[in-house]
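Could you put together the complete structure from these sequences and hints?
Going by UniProt numbering, the sequence shown opens with residue 1, and the numbers climb by one from there.
Hints are not guaranteed to be accurate.
[As the list claims (entries may be wrong)] The following label-pair restraints were derived from C-beta to C-beta distances: (1) T123 <-> K69: 23 to 33 Å; (2) K115 <-> G76: 15 to 25 Å; (3) N39 <-> E153: 37 to 47 Å; (4) D133 <-> K41: 18 to 28 Å.
Note that these hints are calculated values from the structure, not bench results. Just so you know, these numbers come straight off a predicted model, no measurement behind them. Just so you know, even glycine gets a beta-carbon here, dropped at the ideal spot from N, CA and C.
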Amino acid sequence: MSSRYNRRSFLIKSTTSCSLCFLAVPNILGSSDKLTLQNEKHKFQTDSGMTMQEVYNLAYTESYIPAMKSLMKQVGKKKFLEMLKISSDMVYQVDNENEIDYSTRTLEAWSESMKTAIKNRMTKRLSYEIITDNPELLEIKFTECLWAKTFKEADAADIGYAGFCYRDYSC
1 MSSRYNRRSF LIKSTTSCSL CFLAVPNILG SSDKLTLQNE KHKFQTDSGM
51 TMQEVYNLAY TESYIPAMKS LMKQVGKKKF LEMLKISSDM VYQVDNENEI
101 DYSTRTLEAW SESMKTAIKN RMTKRLSYEI ITDNPELLEI KFTECLWAKT
151 FKEADAADIG YAGFCYRDYS C
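What follows is the structure, given as structure tokens:
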């Protein structure tokens with residue numbers, strides 16, 4: 001009787017162990033479905049399906065420009081634009097923290113950073129041609145600018161210049 005008890009005990013324990021291994025372990029350790037989900041991008045990281053123009057309209061025309069126009073009404077146009085120029089110029093302090101060297105504010109340093117930025121990050125926002133590039137002169141002809149287009153269409157070219165162009169072209 002004890003051998004039968006042992007066999008029964010063995011079978012019960014084995015069945016329980018096998019069930020645990022084959023049924024529960026994938027749920028405990030993570031199923032293959034979870035592996036698939038881990039490889040997928042988070043919804044915030046997926047392509048929005050928007051064009052650059054649509055992105056600019058959302059970011060600037062629908063949000064930034066109305067807020068800036070409201071502030072300009074409260075403070076006055078002249079004072080507001082001066083404050084915006086000072087604020088946009090302070091971006092260089094953030095750039096310094098991001099290892100972009102504007103501390104010397106030389107033409108060479110600015111030229112290199114400008115050419116790199118345009119080439120790496122701005123090709124969908126700007127159309128340009130480098131006319132002259134030497135140690136004494138960098139001449140770039142911009143033929144299209146999505147910022148300018150967006151701000152002009154919203155009757156806010158002065159806000160666009162003070163907030164975005166001033167820091168690059170007033171050096």
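Evaluation of the provided hints:
A hinted range of 23 to 33 Å holds for the C-beta pair T123 and K69, which are about 30 Å apart. Distance hint for K115 and G76: a CB-CB separation of about 38 Å, inconsistent with the stated range 15 to 25 Å. Under the hint 37 to 47 Å, the C-beta atoms of N39 and E153, about 41 Å apart, fit the expected range. The beta-carbon spacing between D133 and K41, approximately 39 Å, falls outside the hinted interval of 18 to 28 Å.
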